[in-house]
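So the sequence lines, in the order shown, correspond to chains S and A.
Going left to right, the first sequence walks through residues 116 to 354 as the numbering used here numbers them.
Going left to right, the second sequence walks through residues 3 to 344 as the numbering used here numbers them.
Quick caveat, the hints were computed from the structure, so don't treat them as lab data.
Every value quoted in this text rests on a predicted model; they were computed, and no experiment measured them.
Facing chain A, from chain S, some residues (calculated, C-beta under 10 Å):
#1 A129
#2 G133
#3 A135
#4 E161
#5 V163
#6 H172
#7 P175
#8 P250
#9 Y254
#10 S293
#11 P314
#12 P315
#13 A319
Computed from the model, here is a short list of chain S residues facing chain A with C-beta under 8 Å:
#14 I136
#15 T162
#16 S168
#17 L246
#18 G247
Ideal Cβ positions, reconstructed from N, Cα and C, are used throughout, including at glycine.
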Amino acid sequence: MPVRFLSVGDRALAIELGDAIDRRLSRRVLRLDRAIRTAPPHGVVETVPTFRSLLVHYDPLATSRAELEAAIAPLVDRDQDTAGAVREWRIPVCYEGEQAPDLAEVARLTGLAPADIVACHSGIRWHVYMLGFLPGFPYLGDLPPELALPRRADPRVKVPAGSVSIATTLTAIYPYESPGGWHLIGATPVRFFDPARTPPALLAPGDAVRFDPIDATAFAAIRQMVEAGDYLPDSEPAV
Amino acid sequence: MQPGLRVLSPGLCTNVQDLGRFGWQALGVPVSGALDGAALRLANALVGNPLGMPVLEILWSGPTFEIVADRVRLALAGAGADLSVGGSATVPAWQSCVLTRGEMFRITLGRQSASACLAIEGGVAVPPVLGSASTYLRAGLGGFEGRALRRGDIVPIAIENPAERAESRLPAPPPADTDQPIRVVLGPQQEYFTDDAVATLLEAEFRISQSADRMGMRLDGPTLHHRLGWDIVSDAIATGAIQVPGSGQPILLLADHQTTGGYPKIATVISADLPVVGRRRPGDRIRFTAVAPDVAEQLCRDAENRLLGLVAAIEPVPPSAALDFASLYRANLISGVVTGSE
Numbered sequence: 116m117p118v119r120f121l122s123v124g125d126r127a128l129a130i131e132l133g134d135a136i137d138r139r140l141s142r143r144v145l146r147l148d149r150a151i152r153t154a155p156p157h158g159v160v161e162t163v164p165t166f167r168s169l170l171v172h173y174d175p176l177a178t179s180r181a182e183l184e185a186a187i188a189p190l191v192d193r194d195q196d197t198a199g200a201v202r203e204w205r206i207p208v209c210y211e212g213e214q215a216p217d218l219a220e221v222a223r224l225t226g227l228a229p230a231d232i233v234a235c236h237s238g239i240r241w242h243v244y245m246l247g248f249l250p251g252f253p254y255l256g257d258l259p260p261e262l263a264l265p266r267r268a269d270p271r272v273k274v275p276a277g278s279v280s281i282a283t284t285l286t287a288i289y290p291y292e293s294p295g296g297w298h299l300i301g302a303t304p305v306r307f308f309d310p311a312r313t314p315p316a317l318l319a320p321g322d323a324v325r326f327d328p329i330d331a332t333a334f335a336a337i338r339q340m341v342e343a344g345d346y347l348p349d350s351e352p353a354v
Numbered sequence: 003m004q005p006g007l008r009v010l011s012p013g014l015c016t017n018v019q020d021l022g023r024f025g026w027q028a029l030g031v032p033v034s035g036a037l038d039g040a041a042l043r044l045a046n047a048l049v050g051n052p053l054g055m056p057v058l059e060i061l062w063s064g065p066t067f068e069i070v071a072d073r074v075r076l077a078l079a080g081a082g083a084d085l086s087v088g089g090s091a092t093v094p095a096w097q098s099c100v101l102t103r104g105e106m107f108r109i110t111l112g113r114q115s116a117s118a119c120l121a122i123e124g125g126v127a128v129p130p131v132l133g134s135a136s137t138y139l140r141a142g143l144g145g146f147e148g149r150a151l152r153r154g155d156i157v158p159i160a161i162e163n164p165a166e167r168a169e170s171r172l173p174a175p176p177p178a179d180t181d182q183p184i185r186v187v188l189g190p191q192q193e194y195f196t197d198d199a200v201a202t203l204l205e206a207e208f209r210i211s212q213s214a215d216r217m218g219m220r221l222d223g224p225t226l227h228h229r230l231g232w233d234i235v236s237d238a239i240a241t242g243a244i245q246v247p248g249s250g251q252p253i254l255l256l257a258d259h260q261t262t263g264g265y266p267k268i269a270t271v272i273s274a275d276l277p278v279v280g281r282r283r284p285g286d287r288i289r290f291t292a293v294a295p296d297v298a299e300q301l302c303r304d305a306e307n308r309l310l311g312l313v314a315a316i317e318p319v320p321p322s323a324a325l326d327f328a329s330l331y332r333a334n335l336i337s338g339v340v341t342g343s344e
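Please take these sequences and the hints and turn them into a complete structure.
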């Protein structure tokens, strides 16, 4: 698909690199994002990378769509490195009991045993495609096709904070209680957004994540540490 | 004691806003900011503040306050709004005034605007969160404890005793733009819609439904039909986007909209008209007209120049037009009769 520059009102320019949820496409978006953040063209306010496009917010008092497109076009696919400045995280998740209200239903819909679903979910090295919906809410992929379900027909009015959820080929974590239509297969005591932290969101687009199964006792113990402000999950620079 | 404004009656949604929280949308944090950014800047200008200082944004119905500071200089910006002191004396919008300890005042919104901004000289003294005082209600971020004001709150203010000087006013209220069509740039996903749907958006009249808040407003009107389905690979959203879910009923996204979403966006309101949209209320009619992107950029620059022109035109209130509070007191007209009974 050819690269498309699309006006989004008079304060934003979308650069569309494709039309799919795909890691290679995501890395192209994230490389373009990094190139712009490293040396922002005059008038750029901020950038928002998503699955297949980058939205560049700009100040029309300082620049124009035409000037920005001319400045950004040469940056598309300029950098070919595959490794980014990303971290790999290990996030504890309890896939049991009340923390996993939809696990049995997901097992019924997919024909898989709950234990196999947990093994699959915790065996994947996830890629953080983007953050959106709520502060710190990460969209991670990719689930294998046999676990890919549409969203629930009947969305919940209240999904508890910390819920680990799946829908289509993605998994996501709700940093705040909110309405939501994804299937809840576990919960994490980790805080994914804290405005007092720098950066405030735990994960950044491009990060890698692994989920470590924990039991209810460990969940309660970690939650206590999180509430006392002395717990951060393990992470290391990704290879 | 911290000087401030005590909330006697909060109104429907009175909350702290500035021009917004920029730089965090990639982490899922909306920009927020006053729905009527022009009113915010004019209110600040009238009390001598930098134009982007935190103010109280008043939505849909007016609050009542009591002054708990020696003296406070205030100005209200909002078409048709006014501030009544002690239930008798009235200060119109677009004019500053000084009130003193114990005085009570009620804000009334006019028919022409669903929102108004109340600026206080020195600003509302709330700690910035991620660089902004704006309240993001959905996540409890920023502003006054991350929420709309409640009865009994004391809104902290930065300056207790503003300088003695003539009060300021705009020579005339700015146009309210009550009936003008809202200008949009088509896209970014207009190809997801039938030609008929695009034509309908630009020709039909819509009505703002009761489902309207700082995140967005649902519009009632003719159905906008999709040509390519209504599920896109989620992308980032700009304020003013008109997204159309499967129902075909458009949603106009405002300051607190989520940063990303999976519905196609047929058009985006130009930034010059976002404050105009911020003044509309549920039940109001709304129509749209399209402009080219470069025209929209020029309209943004024109609107900025017009706003700076208004700021430059602010003039001292002539003594004859100023409220003579001393004589009101002598006549015993102000006796704290506002009871905050909303």
